[in-house]
Structures are given as C-alpha cells and as structure tokens.
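**Student:** Using the hints provided, position chain V relative to the given structure of chain W.
Protein chains in written order, with the UniProt record's numbering: chain W, 1 to 616; chain V, 1 to 616.
Calculated directly from the structure, the hints in this document are not laboratory data. As the structure is a computational prediction, the values presented were derived from the model and not from experiment. Built from N, CA and C at the ideal position, the CB exists for glycine as well. Warning: the hint list may mix true and false statements.
Chain W is faced by these chain V residues, among others (derived, beta-carbon under 8 Å) [claimed, not checked]:
1. 79
2. 335
3. 338
4. 450
5. 495
6. 508
7. 514
8. 531
9. 532
10. 534
There are 2 protein chains.
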Amino acid sequence: MCGIVGYIGKQKASAIILEGLKRLEYRGYDSTGIAVQQDRRFEVAKKIGRVDGLIKATSAQKIPGFSGIGHTRWATHGGVTDANAHPHVSSDGKIALIHNGVIENYASIKKFLLTKGYTFQSETDTEVLCNLIAYHYQKEPVPAEGSRFLESVRKTLRHVQGTYGIAVMCGDCAAEIVAARKGSPLILGVGDGEYMLASDVSAIISRTQNVVYLKDGELVHITAQGFGITTLEAEDVSPVVDKITWNIADAELGGYAHFMEKEIFEQPTALENTMRGRFSEDGSTAQFGGLNISAVDLRQVDRVHLLACGSAWHACLVTEHLIERFARLPVEVDYASEFRYRNMPLGSNTLFFTISQSGETIDTLAGMREAKRKGYKVLAVSNVVGSTIAREADGGVYQHVGPEIGVASTKAFTSQILIGAMLSLYLGRMRDMSFSEGVEVVNALKGTPDLVRKVLEQAPRIREIAKRFAHYHDFLFLGRLSLFPVALEGALKLKEISYIHAEGYPAAEMKHGPIALISENCPSVFFVPSGEMFNKVVSSMQEIKARKGKIIAIATANCDLPAGLADEVITIPECHESVLPVVATVPVQLLSYYIAVELNRDVDKPRNLAKSVTVE
Amino acid sequence: MCGIVGYIGKQKASAIILEGLKRLEYRGYDSTGIAVQQDRRFEVAKKIGRVDGLIKATSAQKIPGFSGIGHTRWATHGGVTDANAHPHVSSDGKIALIHNGVIENYASIKKFLLTKGYTFQSETDTEVLCNLIAYHYQKEPVPAEGSRFLESVRKTLRHVQGTYGIAVMCGDCAAEIVAARKGSPLILGVGDGEYMLASDVSAIISRTQNVVYLKDGELVHITAQGFGITTLEAEDVSPVVDKITWNIADAELGGYAHFMEKEIFEQPTALENTMRGRFSEDGSTAQFGGLNISAVDLRQVDRVHLLACGSAWHACLVTEHLIERFARLPVEVDYASEFRYRNMPLGSNTLFFTISQSGETIDTLAGMREAKRKGYKVLAVSNVVGSTIAREADGGVYQHVGPEIGVASTKAFTSQILIGAMLSLYLGRMRDMSFSEGVEVVNALKGTPDLVRKVLEQAPRIREIAKRFAHYHDFLFLGRLSLFPVALEGALKLKEISYIHAEGYPAAEMKHGPIALISENCPSVFFVPSGEMFNKVVSSMQEIKARKGKIIAIATANCDLPAGLADEVITIPECHESVLPVVATVPVQLLSYYIAVELNRDVDKPRNLAKSVTVE
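This is chain W alone, in the form it adopts within the complex (with noise of 0.2 Å):
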C-alpha cells in the first residue's frame, strides 16, 4: 500500500525511479510522483492515475541527476488529485518527501506550522509532516559532527504519531536520502556504487539482490559513498545485509496477459514449493524449520487462535475446520483489526497464529503484537523472507511461491490453506492421529499439485462460462463447513477484480434472509462436493432454483446431482478432504479472471485496491 523508490547511485535518477515505481505499482495506483535533485533544487513530476500516465504527460523520464525519490499512491486523507500526489515539497523548498503511513496528530501539527508562516498545497497528513521537517531544520544548529538534515528528520518523527515510511531529500545537501520506518515496510538496496531504497524488493530486484531490511524506529541516512542506521533515540545499529532468492523472471509477465493469470497457473509449482523438504523421512507427517517452539511446548497448547485479514483471514477459517478435525484442537479465527481493540478474554495454552502474505499488513501486524503483549507465541505464515510480521514472529512457515503481483491473491491463498493442512496434519499427528492417518494425509498432500493441473485443463470451459455470466451485477457464493471460506474467497475475488457485488454464505444460511436476492438476475455458486453433505446442499440449490435463480455448480466428479437443477457444472476430481478446499478454490480463481476479462477490468490493478495493506 503506497509504494517508495529512492535511488542515489552514478546513473540518471529518474529512469531507475520510474522503472522501480512501475513494479511497486500493485502497491497503489491512485497517482505517481517522481522528485529529483539537482544543484540546490528539486525537479518535481506528478500526475493522477499509472507510472505510464506520469511519463506521457510529463517530462519525469528527462530529468536529470543522480539522485531521487519516487512513489505510488493509496489515498488516505485527502481525495485523488495532483495536489495530493507525492512527493511534497515544503512550502519553503527546502525538503522534498515521499510518505507511506498515516500521521494521526497532523491536525494539530498543522495548527503549529500555521503559525509559524508554513503554507499547505495539498489535503494530506504528508505535507504536514514535510513542513514540519523543514521548521525543524531550519532551526536546528549546525552540528559539530553528524547531520543537521538526519537530526531535524529525527526530532520530527520523535513528535509524530501514526505510521510511515518516509523518503527524505534536502535541497541544501548534495545527493543525501534520509528514510526511516514505523509500522510501513522500507528496504535498502545495496547495489554496485550505488543504493535504492524501496517498499519491496520487487522495485530493486533488477538491479541487486543485497538488501538491508529496516527495523521499525530505524532511520537510514544514504549519501553517495555510503550509509549508515541509526535508531530515533540516535544509536548506531550495524547493518545485516540479506541475499535475495528470486530473480528478475519471478516478477515479470512472461507471456501471460496478468500477473494474476500467471499465478493462477503458476499453482502447481508454487505448491510443489510450499510443500518442499516439509514432509518427515517416514512420510507420515509434516515437518518445519522455523517453528521455534518445541514438541513439549506444542504438546501444552489446548487451543489455537488465528489472525488475519482479506483472503488470509478466509485462509484462516479453512485451517480451522482442519486443525479441528485432524488436531481436534478448538480453534477461533479473528479479524486482526478487531482482534486488536476487543480485548477478549483468553486461555494460558493458546497458540496464536497469523497469515499474511507481504508479512507486512498493518491490522495483522498490530493484533500480532497485541497478543505477543499478552504474552502468547505467535507463529505467522508470510510469503516475504524478512518482512516485519515474518521477523517479529516468534516464528514461522515461509510460503515460497514467490513475489504475488496481481493484487488479488491467488497462489498466495492456496499455499496458505495448504500450509494449513500441514501444520493440522503436524498438530494432529502429535495428537490423536495415527501414522496410517498421517501417511494418508501426506499423499493427498503430495498428490495436490497434480489435481490442481487437472482444474486448469478446464480454463477454456471455464471462460466461455465466464463469458455467459460476466453481465450480472450479483453473485451469491454458498458453500459448506471448509468449503464456505472458499465461497467467501470466491465472493471477494469476483468483487475485487470485477466490482460485480458478490457475497459469500453458508449454503444453509442463505434462506435465512439472503435468498430476497435470488432472482434470474442473481446467480448462485454452488459447492457441491459429494459426501455427508450433498443431500443438504442439493435441498439448498433446489430452494434457489424453485425462485428462478440461476446456478453454476462446482461440484466433485463422481456426485450425482439431479439432472437439470444447476445450468453450469464445474466439476473438479474428487479428492482427500485435506485438499478439496485448495482444489475447489482455482474454479473460481479462473472464473472470477475470464469474467473481469471479459469485462475488460484492469485485473492486476483493480481499483481502490492496493496490494499489502499497510494503513490501519
């Protein structure tokens, strides 16, 4: 959410800026801005809309000079508008800045600065927060030694509340970037003779694979011959430099129209990968290096709370229904945000657990360290090595599907499910399970990735499905126990790359107040797997069509529905109850994409949508 470049180094600025801002922009993408030094002064370009439009309608890829800070914008306070745009400049020219985050006292602040002569071009709390760098430097003495640009940078942030990342350039120093951290990911990029600092990794990635990951209260001070790290109370922190393992390729197209229709795709490997060297010798468990808590403290745990967000928290409700049939360990799933302010009470043996795949989600972020507070483990499942969630966990599962571009997750949710299934199989076979269970569940496991192959061989059914259905403006989405989360997963994906308003429910729910909708207008979902509950859900699909609603139906290759009663069916290979929710979920990955396709929606960056959200 927002994204930051900065780049001193011997080449020209702007083109490495705007390169980088085209690969963060699944960050944001409400407008872009682009500030470069030269001499004394900054040379500003920013513009409404994409990095493209920046270029067309500016002349950002000419500026010259060697240094610069860039950025992509998620709307916060204030509306979408150039004005708004970062970087801001502080009304007396002084200092330019790029901000992610939310300052909550910029009222007051503003107030302040008023007085003091300070003038405002735009709505935001970032310009506040400009203007009050500025006061600050000019009033700071000239120090015996050190920087009176890194020191009015840290005496600003020690009167700020909220969030930020923040990139900072002074007109009166020559190529200097001071940035600094709270709450919003910023990474340095230690490149050859030259530095980039960016939100991601994704931004630097072309041009270095060493990075040092900034701590929160960290600020960075970069000049062109080197850097250094200080904290706010102006400690020295000795950098660690970490080596990036993806490469270029990761982050590109590579022929496919959508980074999301690539990861969809890219589904069988990414699982092959999640699952990767995690399954013991015996075959009859899982296994994982980074938990960081031992079999006697797991033994203890009566109960796992789990937190999350958007997808993740559907990744959550599905880990439930499996940690609680494999584990038989009672299982609660939050939202972050509101786990966070709910103060509930809790048990003493509660094992927490967090999904997030930039590992950099605030709401996440913040009920994490809300239950570490209390004085609870909490492991976190994350896709980014290194990212703030992933580092402050006691510890964790990596993911490794690598970078997830498209806004709307689709790799990134099913190695989280799958990854459920595995901590419930590990749980459980520390439990009640057996090793002839166990070995059971490890070969569906294993056997996943190939039924997922099997699911994308119907893609081109799929779309002329999507092509029948993409003129509706409403979608009910119904399935039961594991697989509801999957209806919720499928609602969110058509209502965030198509904006056609799909909800999820209990297929039993839905006659409880929700069927009003059901018209020929309104079409339904169906999950239909065979089973103990295929007489319900058929009972269910029969009250929809009794009121003329119209039905796809996703349903398992060998359950006998009634001929007639739904108008499309999907069918995906009948499989271990482990797997069904992973396999379920890539039918309407696809059919969410063919129908916003077909609806020509910008699917990698829907709107309103920022990947990672780091704002509260």
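**Tutor:** Just chain V now, with coordinates in the frame of chain W:
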C-alpha cells in the same frame, strides 16, 4: 415457513380457513390453496401467489362444507406453480394433504408407488407422501377398533425420512382430520364446539385462546366430536391445554401501513415488556425465572457457545461482545446449520444458548439437539411460548414482545440483544462485576426504551434520507466491535425487504478487498460511536471519501465528525455500551423500511422469504 390451517366445526370451513391463511401468510406466500370435504369428495382450489389472489381467481370462498385444510407455501422441491401448490390429492382421490417440511427419501418412495399404479401431477415430495398414505389406506384392514385412516397415516410416517407438519383428510370418512408433526410446528386450537389446526397461534387467536402444542412424533385425530393424541408407536398421550396470552389486536395493523412499521415503533414498549420483573430488588443485576440452572452450575461455566441463524445470529454476535466484556467469559458464535455438522472439539464446562424468535427454526433446533446429545445444557431465547425450541431447551428466557408478523425481524432482534445484555450482566455479577458497576448497567438498560423513543422521533428525517438513497443498487454497512453485528443486521434488513445488495463488514476490514465496490454508485453506512474507536472509524470513512463513496453516518451525539466527511448524519443519543447496539439498530431499521416503501416493495412479505424457517 409454509402455513397450515385446518378446521372442523359448525361454521363454513372455507371462510375460517381463508382468514387463518391470511394471518399465516407471512410464513410463506409462493402459493396458497384450500381443500374442503363434502360428502365423500374434496373441493380443491389452489393458485400461485397470495390468499387474496386465490379468492379472486377461484371459488374458494364459496365452497360449502364444515371441515377442511388450507396451506400457504414456501417452495422447496419444485418451482412455484399451481400444480405444486398444496393441498395435494392422491391419484385415487381418497386422500387430501397439506405438508410443511421436506421428505428426504421421496425419490425411492415415488419409484415404488409408480410400480403400484399411482400417478403424479406435481414435482413435490408432498404428493409422494399423499399417495403413500392412500396406498397404505387401501391395504390397511378395517380394524376392530380405532381408525383405518389414522393407522394408514401412522404407517406412512414410520416409512418417511425428513421433517413434516401435515394435516390429512380422507374422502371415505365424515369430517375427520389426522395431523402429525416432526420438526415442523403444529398446534391444535380447542374452540367452542370446533377444532382448529395451525402452524402458529396467529391463525386461530380470533376463535380460541385454548391450544394444545403437539410434540414431535405425535399424531392428533380430530372429529366433530373430539380429538385424541397418540404417538407414532400408537401410545396414547394425555393432552395439555394451554392458554394463549396474546390477543387479536397484537396480530392486526392498528393504523400502521405495515407490520414492520408497527413493530419498529412498538419497540419502546416491547423492550419494557422484555425487561419487566427481570431486575433484582437491589437494582444491581438481572434475574430470570426460567433458566433452570443453579448458581453453582452457572458458576462452573468457563465458556459460552451461541447458536442461531439470520438476524438472531447477529444478536448472538452482539451478545458475544457483551458477555466477553461484562462476564469475561470467552464466547464462540456459530451458524446453527454449520455447527450441526462441524463436530468441533468442545470443552466440558461450556454453556450453550440458542436464539430463535419463532422457537421453530429448524437449523437452530437441530444445532441445539446436537449440543444436547453431547450432554451440554442448552438455554433458549425465544419469543413464542410453547415453541419447540423453548420446550426442548433446558431453560431459557422468553422475549415477551408479542407476535412479530413482519418477515424482517425488528422488535424481536432488539429484544434479543437486550436479553443478551441482561444475561451478560447476570453472568458478570456472578463473577468480577462489582455492585456499583451492576447498578450502572441496570440503570443504563432501564433507560433503553426512552433512548429508542428519541431515535424514533427522527423518523421523518430518516425518511427523507431514504428517498435520496433508494435508487442505489449496492450498499456497504460498516461498524466495529459490538456495532459490526449491527452493520450485518442493517445490511440484511435492506437486502431482505428492498432486494438491494447490501453487505456488512468490520469497518477496518473493508480496505482488504470490498473497497473495490466503492464508487459514487455504492454508498456506505458507517456506525460512528464516540470513544476509543472514533478516530479509526473516521480514517476508514476518509478512505471511502477519497474514492468518491457517499456516506451516511450513524453517529453518537457528542462525537466530533470532521465537517463534510459524511453526506448525511443521523444522530443517536450518547449511551452506555450495554445499550449502544440496541439504539444503533433503530436508524437502520427505519432506513431500510423507508427505502423499501419508496421502492414499493411488499415490505411485510418480501419475495422468496418466509417467517420462521422450518426446513433445513
């Protein structure tokens, strides 16, 4: 769901049955029908649509005869057609039947009956039941004593799987009805030289206040001379005649345009009735007459599990917050329909509560039975004295708000959350809540009716807002903590009676996907209480505003909303947290009601719905 009426007496049956059907129409209104016995044959009239339509299109009103049955249908098996409407008559003309419920093994029975020469005019499971009774009737030897007709019904019911409330007539007999129930409600009214059967008391209250509540597995055999009750196993049952405390005015409009409007405005009185006599003499806690569970046992409870469907499920979510807040007991809420099949691990000191206005909701009943089967105590909150759930629960609390006729729940919902607050207080005062805190909560609860009156005074203004917003096709309802379930309830109300696609979310969760729906064409309704969440909710509003989303804010009087942030503000009085969810519900009830009126919807009988959902 589906309404059943039967009559045997000295009056013209058709007039009495049609009047009863009108009063039951809120239970289902896909189609309606009547059968009156004359000599040895049945006069049948049936039609899709409402009772008034039946009267206009057929000679139903003119049929002479002194015994008959009538039905309003909510379709489950088979579409809404004249042929599928009840009553059904067996293909040999001997048996006429009305049925509420679902026969699960109808397909195999139908196959059998076809081999025996029976034919079918409809797609319903009901006609199968009807022909099976005829089959057994033909085969049944004439008994030495007892009734061949009664025995044929008993034998049939032993063969069917599923749920039913039925009333059956036999062409060979003089005025006789056999009725039976399993899972669907059925009551016998004992009048002055006449008997009535009905799904609920509203159908018979104008003729008698003396009723017998039939139990699952019981059959009643009614003739002009009297009635007898037996079980499926042919054992005699001694009937208990109860007295109804409602009167006919409770079931009539009394000057309001709709029952929903009447019931919204009745809320101050309804809430007073809910609280009457339920506070301790020292004014520090609540008291309940019928919990049937000792203080010692309640003291052992370490967890509460709530089960319900629809609006009552939202009431459970509110109650969850209040119990966790006041009693510091962890609470879990489940969809009753899902709980039944989830087989989740449960603790040993868990107390179950179910909430159901009608006390007949089959999903809730089934969930409750599952909990009881596992040996848990289950308490019930219900509005209908003698209802199945109330009878089968170990104890409970009656709502005492009088009959709720509008299909969309209003006064029953606010009464349920008020009871939730009272229970939370009661459990809290058994634990860590002090005397003075208890007094504070009691005083707050006692003030609720007056606070609701204040909100109702704003009805004209809310009506104006409704007019301006009635033409939108999509809405989001957003709230946090105890107001998140109120947001769900607001969205459900609008969906149910206006068919506008409205969806509720926790306010902060909205940005994790659903915000893609936001544009100038999708307004949001925000709940904005003063206090700790105020700034967070305002931030969410700003994110919507930045994307041109229109906002209706339901805000407490003393909160300091930034000017221009909301397009419309509906003010609710500042109030105690125990009362806030009740008070905040009223504006969204009014908003939904006036929007539906503006759109000329059939407010009290919205399409596809039925009061009291008695099929799975």
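**Student:** Hint by hint, where does the structure go against what was stated? Just the numbers, ascending.
**Tutor:** 4, 8, 10
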